[in-house]
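Colleague: In case you want the letters, here they are:
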Amino acid sequence: MRLNSYKKSVALAASLVFAAVGLSAQAAHAAPTTINLYEAIGYAPDEIKAFNASQSTYQVVDVGGSTGPLLAKVAAEGTNPQWGLFWADGDTWAAAADTNGNLAPLNFKPAYSSLGKRLAPKNNSYAITGSTVMVAGLYNAATLPTPPATLPAMLRSKYKGQIGMNDPNISGPTYPFIAGLMNQLGSEDAGKNFLLALKKNGLAVNDKNGPTIHALEIGQIKMGLVQNTAALAEIIKFKANPVKGFNPQIVYPGRPTLMPSSLAIDGKRSAAEIAGAQAFVKFVLSTAGQAILASTDATVNSDVLCYPSITGTTPNKYVPALPTAYQIIDPYTWGPLQSEVDAWFTANIRTK
Amino acid sequence: MALDGGLIVRDRVPFSKEPSPYTRLIHRVRITPMAVFWTLITFILVIPILLFLSVAFSPRLMSQGHQWFTLSSFKPVFSGAYGIALLHSLIIGIIAAVGAMIVALSMAWLVLRTNSPARILWNTTIFALFLAPSYLIALGWQRLFEQRGVLEIMGFSVTPIRNLLYGPVGICMVLMVKGIPFAYLVIANAMRGLGEEFEQAVRVHGGNRFAAFKVMASLLMPSLFSAMAIVFAEAISDFGVASTLSSVGHFSVATYQLYQGINSIPVNFPVSAATSITLLALVILAILAQNRALRGRSFRTLSGRTRPVTIAKLSFLGKFGSSTYIVVLLLITLGIPVFGAISASMLQGLGSLLSHYTINFSNYSRVLHSRFLRNPLIYSTEMSLITATLAVGLAAIASKVLTSARNTRSKKFVDFFLLAAVALPGIVFAIGYIFTYNLKFINDLGLHIYGTSFLLALAYTANALPSTSRSLVGNMGQIQESMMDAARVHGSAAARAWVDVTMPLIARPLLIAWLLTFSGTLLELPVSELLYPPGSPPVAVGIELSLAGFDYGGGTAIEVLSILWALVVVGIAFFLFNRFAPPGWKRLGNQR
Chain V
321 MRLNSYKKSV
331 ALAASLVFAA
341 VGLSAQAAHA
351 APTTINLYEA
361 IGYAPDEIKA
371 FNASQSTYQV
381 VDVGGSTGPL
391 LAKVAAEGTN
401 PQWGLFWADG
411 DTWAAAADTN
421 GNLAPLNFKP
431 AYSSLGKRLA
441 PKNNSYAITG
451 STVMVAGLYN
461 AATLPTPPAT
471 LPAMLRSKYK
481 GQIGMNDPNI
491 SGPTYPFIAG
501 LMNQLGSEDA
511 GKNFLLALKK
521 NGLAVNDKNG
531 PTIHALEIGQ
541 IKMGLVQNTA
551 ALAEIIKFKA
561 NPVKGFNPQI
571 VYPGRPTLMP
581 SSLAIDGKRS
591 AAEIAGAQAF
601 VKFVLSTAGQ
611 AILASTDATV
621 NSDVLCYPSI
631 TGTTPNKYVP
641 ALPTAYQIID
651 PYTWGPLQSE
661 VDAWFTANIR
671 TK
Chain C
12 MALDGGLIVR
22 DRVPFSKEPS
32 PYTRLIHRVR
42 ITPMAVFWTL
52 ITFILVIPIL
62 LFLSVAFSPR
72 LMSQGHQWFT
82 LSSFKPVFSG
92 AYGIALLHSL
102 IIGIIAAVGA
112 MIVALSMAWL
122 VLRTNSPARI
132 LWNTTIFALF
142 LAPSYLIALG
152 WQRLFEQRGV
162 LEIMGFSVTP
172 IRNLLYGPVG
182 ICMVLMVKGI
192 PFAYLVIANA
202 MRGLGEEFEQ
212 AVRVHGGNRF
222 AAFKVMASLL
232 MPSLFSAMAI
242 VFAEAISDFG
252 VASTLSSVGH
262 FSVATYQLYQ
272 GINSIPVNFP
282 VSAATSITLL
292 ALVILAILAQ
302 NRALRGRSFR
312 TLSGRTRPVT
322 IAKLSFLGKF
332 GSSTYIVVLL
342 LITLGIPVFG
352 AISASMLQGL
362 GSLLSHYTIN
372 FSNYSRVLHS
382 RFLRNPLIYS
392 TEMSLITATL
402 AVGLAAIASK
412 VLTSARNTRS
422 KKFVDFFLLA
432 AVALPGIVFA
442 IGYIFTYNLK
452 FINDLGLHIY
462 GTSFLLALAY
472 TANALPSTSR
482 SLVGNMGQIQ
492 ESMMDAARVH
502 GSAAARAWVD
512 VTMPLIARPL
522 LIAWLLTFSG
532 TLLELPVSEL
542 LYPPGSPPVA
552 VGIELSLAGF
562 DYGGGTAIEV
572 LSILWALVVV
582 GIAFFLFNRF
592 APPGWKRLGN
602 QR
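Here the protein sequences line up with chains V and C, keeping their order.
In terms of my numbering, the first sequence opens at residue 321 and continues consecutively.
In terms of my numbering, the second sequence opens at residue 12 and continues consecutively.
Bound conformation, chain C alone (with noise of 0.2 Å):
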């Protein structure tokens, strides 16, 4: 015992030293999943992005001319025939947008809200919808409507159709169709999530059917400009079917000058970034259209007590009606890439039914065995399981930031790069990738990333975070952030309480998020093509191989067989969901 000012001090408690500056700062630096979400945005998305666009202001830079500053490259980008290309851009951009949602918003009342007989249909197709690639759609189209085509041979004067197809007509409504997939995905997720509550006010108070139609559809406002923004992005950024649909009388679109730039000898990658700024520029114009729309609104309708929906019973003309739509749109959207398919890769002959035809399934023996098949479909597959792995967990947090009630600088500046990764044709990612990953004093720091698996996948998942992001979004919109709360506030560790409470809210949209991505990274192209590591080509560079040697039957084999595989992986995905998850994540989204 001893006196110490006065006090009894039993027990001396030694004192610890004063931590060092160096300590403090240590213990302040805490490995947060927000840190890591940051740390990997940074490096995945923004320096990749910036340093390709900073070359528009100095080549010299990246070691691509030898100014440090100019805005030479902007010359090109000035001329009125860009400015014309950029305007139809924009509204090519706005229609498929607009149309893509609309369907899509139509398709999910009727597939989650009734009991139209065909609804089963759009159910079980809506992956392969997805997988269809634009390739695949256009040549569809064209082996129907053109000269000689199926159609004129069944006797159809389809002349007035083609002048329409070939041209910004066509060319709005094959984007359109390939945006509807993943508009219905990210709407039908959000209805899910929707009880039948407000509906229920809606009638109550007087409102008949279209009263109410309305009001779930204001209060799914997040995803349905969530799947528009996407979708504007996809268009503005295409340029294989603009080029493919364009080419009796050119129809310019602003990619057209950025592909100019790359494919010339010697490369113009200053010409390229130029133009990839102007199309973020467009980005930016959707954000300001999006956040206007949004800006001070709640869409938090999900919580515990959401009640499970009852389903529209449907008169027989309904039942007539609502199932002839379904039909005739999976006609559009599936029979028809399943149909430019077959013409590539079953037809014997001419390919365009024109006469002397034969159906058979050569091309798909012959590719079995082929290089470029089983090996790359494998590495691709692996690649895919990988990425949308990685790409879910991000798109967790991402979903999580964009939609924060305030709109603060880090949801805008979110919001910005996963757009712009949409925005910026692959290839052009690519390239920011590459600028950064194989800088000589990267590879002096002993970090030889380039050229690895490792970061393929890094840039996969930077491609795919965006879509997978923005199908979260509806979701993570509607969470009452109370139950976390509530959670947080009864002794809950953050993640406890993450996958205790907003886990099985939405198991099933990240089990969604996460076949999305696995389908659509299986067969990326652009960033395949110039990111793979030597010696382990993707399949997708495989099928881009065979098409160049002008085996265009084989090629749309390996194609076909690709997606079948995606197909087999998304079936046994969804058995494992519905045999093994607990009750409660299959929750959302019950009928009455």
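Okay, chain V solo, but in the shape it has when bound (with noise of 0.2 Å):
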């Protein structure tokens, strides 16, 4: 009887533990792998959900927020990464990543179109899923009717004191502006020249895009140089709720630059997690992923106001013609001179 109790006891642990470890190995089989998006992007939760749904062996789970803490949450995770997926607009991060080894590059070539392969790393580390323009200055016409079109004419003494634009400290998207501004006056130093004579016809320095487009609202400004997506928001508002004395446009003064959106894989993940973390860049350049774009509504979500990079994609319906002239500069030469050029902006722009 003691015999018979003891043995029904193994055989009931024995059972136990057979079917603990064959729910887990069946658990282990069903779990699909989990990767981590660190995202600044504001379509991205919606290429999360359609990828999802779309299969089941991996699961990329959101991790939202602005661009600068994001980067600071990577750069803080330093060699214990737990980001699978990055994306945001810019590239100098990706560039510096990829400088560093840090970055699995794409196992298949995208269908970039001609845009989108000028943007493009040529070693494919990183994917381009679009871009935006960087400066473009949204002005009020119905008090500034000639804007500046040009880089000198906003140093005439007419637009003295009606020029706003966004410190490149707190907002990220500026740095490009300046980079390029650098890039197409032929060097760093011209471009800071241009900068302090700016500032001498009374520039007026704001955090970032928000703000300065208050500025303009308010006339304290009359033009501000902002994000062409914080700036097509603001169109997209007031065509819908016109204001009398207020009538936004866009002018691109000089050659602005096309700043990509980029999305890169940590190189350091498991073979598993990069395998699904390429799997989900391949899913937001395909047809499917790129269909987003024109069907997020824009009036609340702005970046879906970008260029395209892949052939065949339709941009949302408030994307405008590209700029007649621009440029693109190279992350990789001028990434690296970022700490640099902001701390020379904090104190020979902004400082009073």
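With a Cα cut of at most 27 Å, we get these calculated DSS-like pairs of lysine-lysine:
hint	chain 1	residue 1	chain 2	residue 2
1	V	Lys369	V	Lys429
2	C	Lys451	V	Lys588
3	V	Lys369	V	Lys602
4	V	Lys429	V	Lys588
5	V	Lys512	C	Lys86
6	V	Lys637	V	Lys564
Here are a few chain V residues that sit away from chain C, every Cβ distance over 10 Å (derived from the structure):
hint	residue
7	Ala469
8	Glu508
9	Tyr638
10	Pro640
Just so you know, these hints were derived from the structure itself, not from any lab.
Just so you know, even glycine gets a beta-carbon here, dropped at the ideal spot from N, CA and C.
Dock the two chains into a complex; use the hints.
Modeller: What follows is the structure in structure tokens.
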């Protein structure tokens, strides 16, 4: 009796162990590989939702935020990164990560359009998902009928105190604008001299797009140098609810810079996670992934107002034609200069 | 029976074996509340802060550079421009702290010690004031005074005021206004524990009302300094207000350098850490000032015999004057952020009442279905409930340490790290957490707490602990320890004595500290943004993401709805306390 009871107990324990092992094995088999996507792109959650619904092998998890804090998070994680994918505006961060050997290159050739090909890195180390223009001159046509259309024109006395821009230390997309300025004027020093001259002509510096555009709304300035998606969002808003005395329009002084949005894969993840990340990138650049750009409401999600980088993608209905003249800067050249240029901006332009 | 050494031993008592050194060690280690407290303080405050600061000297320690030891991170800090920025931060901190303390003290006296008719308005709105984010306060001021703003449209010439607002005066004022609700809660808590006997003694000896007020203010010193210390630390760690209000003519503050390091590509943590060390030097100055003012004095006025206070009956003129003061202060502290919120979330048009505007709730009805509202708000509420409970428990112990009669090392240690946690901007604090809890060897030990709700709750608790502790310091400093001693002499265990003796005296301040923490955590952004578990964004991150997508109306609407939700929770908590708490718990602050 006692032995029987002992045997029963052993049998019960054994079956429980086998059941647990079996269940965990089943669970392990069924559990999808999880990949964290650090993103600062407004339509990324829609892409994640569509990707996760399209297959069951991988599960992309959203970690949304602003570009600056997300890059700080990645830097703080140091040699023990927790991100599998990173997606944000700009490509200097991606180029820096590539230079440090932190990225897993794409294992496929995206069907880039001619614009996409010009923006994409030659070594295919990260994907270009679209691009925006840095900067657009958003001006109030009701009070400034003839805005400056060239860089030298912005220095004319008739525009004194009428132009505003963002601070590159706070507004991420503003550094590509400054780097582009330096690129088209021929050197870093020429760009700095131009900004000093602009400051002498009464340049107003606000933190980022929102405050610069508000300064335009209230008449503090007559033209704000902002990201084109912010400018387009403002125009959409005022077309829906027109306001007398305020007629926002866009001009591109000089040759504005096309700023790509980059999607990169952490090269230090496991093979399974990298495979999942590759699948996600492929999905974002696929017809289904690109369709989200056109179908998303741009009035509450301005990131879809980008220029697509993939052949055959229909842009959002609010996206205008590309500027007639634009430039693309090399992130591997201009990226490493950012800290020095930003510090110079603080000391010479932002400070009184 | 046996003879043993000449003694008759009736029953041989078996000797237990000599305990091994290991067993002795086990027996010596007792899990006491203080042991738990010090362990938690070490892991949630001390280590994250120290690891972040260490990067200034040793970037390689946290994989932030190649050097094991360098002082090059301090190069920007020793520039003349940074010295001026640091001086600006110090001055702003002092003005905001002293200003907030004076206004809060006067308001506490009017509300708790007089029959001013408008005092009920203040009491019912105090938590709304506390919840008003500095973003809405600054926005409200801007909308009023900006070019073609509301006041200009109404025909007022506000150019001189505007010039003042967009600069150091405006920054000090907004930070002071932001600090008033906290200072009021701290001072009012302490004033409730101050019986009338001291003021009566002054009056009996021929002192006038002012002399009595001075004595009362002296007895409130610990709470006054507590309030000032937190407002000072909050002000020197500010970046958003200073940056917003100095956009026209840049007014530099120390945190600008710190954020420059964090926002650069590649991120430059060593420079940010060096900047943080200078901010902590300012904190040490604040602690030294506090210790000098409070040294060698006793403020233990709260006992079982504390007398209910008599309300001062104001004359008609007094009632009119005090009510005007309260209403004007409410208009400034609450009216302006409410205006900011309306202007940003309900105004269709330019958002500045320029012309052709309509006011409606379309943003509110739209965001009710937003993915940034429902689940994030539920998650933030759960985290805030946990944080508030944990933080109040720890704060009760921390405030006891802080009010210890002796100026011990442990007191100085806790004081410094609590203020340091406030003086360091939230983003720095969160980075310290990533440094600490994402270390590979910690993961190898099987501890994977980075990216979990558990770590977020710990970080929230550490973030809230300074203000929660300081809100209790005034009351804890008033409690006469002889009451606890008496309870222990009569056989009560320590925990039981605390519940029976101390708890009734500080029940209301504990409730207020709990609500303070709950409200402060619900909309906390920097720590949330860096530490939230993947896939579970708190509501503050949702608001940030809405604003980042240029949906200013939607983002502000979510913010306003979250504030209203927090006020509902505050209301429920007060209702439950008034309805169910034992009568003895509600006695403190009774009036005659």
